[in-house]
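Student: Using the sequences and the hints, build the whole thing.
Protein chains in written order, with this note's numbering: chain A, 7 to 332; chain B, 7 to 332.
Don't take every hint at face value.
Any copy will do: because identical chains look the same in the list, a pair fits if it lies in one copy or spans two.
Said to hold, decoys possible - Here are the computed lysine-lysine pairs in the PhoX-like style, where the Cα-Cα straight-line distance is at most 20 Å:
id, residue 1, residue 2
1, LYS329, LYS112
2, LYS118, LYS301
3, LYS118, LYS299
4, LYS147, LYS262
Everything labelled a hint here was simulated from the structure, so no lab data went into it.
Number of protein chains: 2
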Amino acid sequence: MKIAIYGYGNLGRGVEYAIKQNDDMELFGVFTRRDPASVKINTSSAKVYRADDILKYKNDIDVLIICGGSATDLPKMTPALAADFNVIDSFDTHADIPTHFANVDKAARENKNIALISAGWDPGMFSLNRLYANAILPDGKDYTFWGKGVSQGHSDAIRRIDGVIDARQYTCPVDTALESVRRGESPELTTRQKHTRLCFVVASDDANKERIENEIKTMPKYFADYDTTVNFITKEELDKNHSGIPHGGFVIRSGKTGENNSNSHIIEYSLKLDSNPEFTASVLICFARAIMKMKSRGDVGCKTVFDVAPADLSRLSHQEIVKTLL
Amino acid sequence: MKIAIYGYGNLGRGVEYAIKQNDDMELFGVFTRRDPASVKINTSSAKVYRADDILKYKNDIDVLIICGGSATDLPKMTPALAADFNVIDSFDTHADIPTHFANVDKAARENKNIALISAGWDPGMFSLNRLYANAILPDGKDYTFWGKGVSQGHSDAIRRIDGVIDARQYTCPVDTALESVRRGESPELTTRQKHTRLCFVVASDDANKERIENEIKTMPKYFADYDTTVNFITKEELDKNHSGIPHGGFVIRSGKTGENNSNSHIIEYSLKLDSNPEFTASVLICFARAIMKMKSRGDVGCKTVFDVAPADLSRLSHQEIVKTLL
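Tutor: Take a look at the structure:
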């Protein structure tokens, strides 16, 4: 399978590493909107191309993995590229997924291509676990907790405050809430009761730290509804201790079965990830494999993780997975 | 969807309760090898039939859920019934699954029926999680821990010892092993290091408890390779404190990604079940729904949980799951 990467940031680099772990795949190349000469990749057998030239390579690429941002890139890129390529993205603006699905489906279907959107861990593996758990336990309650992990969006929001040089924000699940859910108590939890926000901020020498802390803690939508802790540290400390992009979280469903619903069950799925983009990339790669198998059986149009039979994700034959994993 | 239950023990009763939680399903009836007059069910709109009469109802049943034992019942029942019905079972003898698959596939395919074997939680949801995690993290290590939960097989083994009136055996994961795995330490674990066995035994008044304890602890395959604790209790205590059939466990994969495999990831799936048979029944029910959807698209033959696109498990439309669960 020849894979191409469209967009070479953290996610694109993660996809490149993931391809090396899967011997049925090969990197054809990286497409970038930057000057190709300025982009250095880690695969000697592959090349860097100008994004604008991609149609020239239409017959050289089995699946194109689009590594753009969900805010402005993917809503345009994925439908446009689905007209000429089999594509996959990690579009993660939950509220806009139905529209994105419709746009990508139209482009892919008209041109007999296959596409898969919103692969990753949330949306992605967390969505799958919500679906499985809901199907198994119809009488129950869902919980999703995120963290401990770096939220890029919240870190960016802090960086936009006057006097802030750099910042890193961790989203943390509240342990007592998590434990209550695990005990099957089915609590009703407010936003504040589920997560806290932990901020590490580098301020300029002359900045008023009190004002910065106040601006963070009262920022609507991002911080105002949470218990937020602000720590001021030096740039050196930030670079030394907070340069990673870890993340993770928990999807839990508690439900009841049996006579008078007297028996409780807890289904829990959790991820603890050193690198958010590398894990997302690893998910993208196996769904890329799956859509190629589906395409070879004549399937076209837009798919989601819900539409992929798990067997199609594996490098192993059906016989092998039945024997070794069932 | 009209469901019939074949075999009415703990699992069959669990299926009956699960049907009540799913408004797109209806219980047609229960088929039993006992005298139907002696079997009382919990669904007033359904009837109890003789197992031998089942062919008379061939056109009344959409899916037949076979609730027999894996040791002797299912290897014969499922292929035989797959010739005339769409069927699903929870066959759980891991080593014999490939043979069972082949037998069921032949019978179902020749008669254009669909069948799904080995649904439940292990095999079943645990298998799915092994497959997803292996596909995402090719460079990694798998761990499955069971418990804390009642092992019917081990309880039965104790009951066969001379002087034992009743017994209940709990399989327990070793916490320190579990924690090491969760920290990503990828330990090599022996059988003894992964699980302990906790036994509650009711002995007859004149029995030699020391001999019984010794026979349990040295029993090959069942107990000899484990640290086993034996507690003698009264029949009243057993009935009061150990009448449930709880179970559960953990499927964990740790894996590495990125430059020099420097980033670690932990994927964990866990179940905490008050009732092993009722949870298994709930899994069977949603896979029964899925195979009906697959059949309506022309699919026939034997399937496993690996072959079912998750969307097919849900009562909700594709549009709804994309909107609410993705």
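Student: Hint by hint, note whether the structure agrees.
Tutor: To see whether the hints hold, each was checked on the structure:
1. LYS329 / LYS112: Between copies, since 18 Å is at most 20 Å while 39 Å is not.
2. LYS118 / LYS301: within (9 Å within a copy, 25 Å between copies)
3. LYS118 / LYS299: within (15 Å within a copy, 24 Å between copies)
4. LYS147 / LYS262: Within. Shortest intra-copy distance 10 Å satisfies the 20 Å Cα cut-off; inter-copy 33 Å does not.
Violated hints: none; the structure is consistent with every hint.
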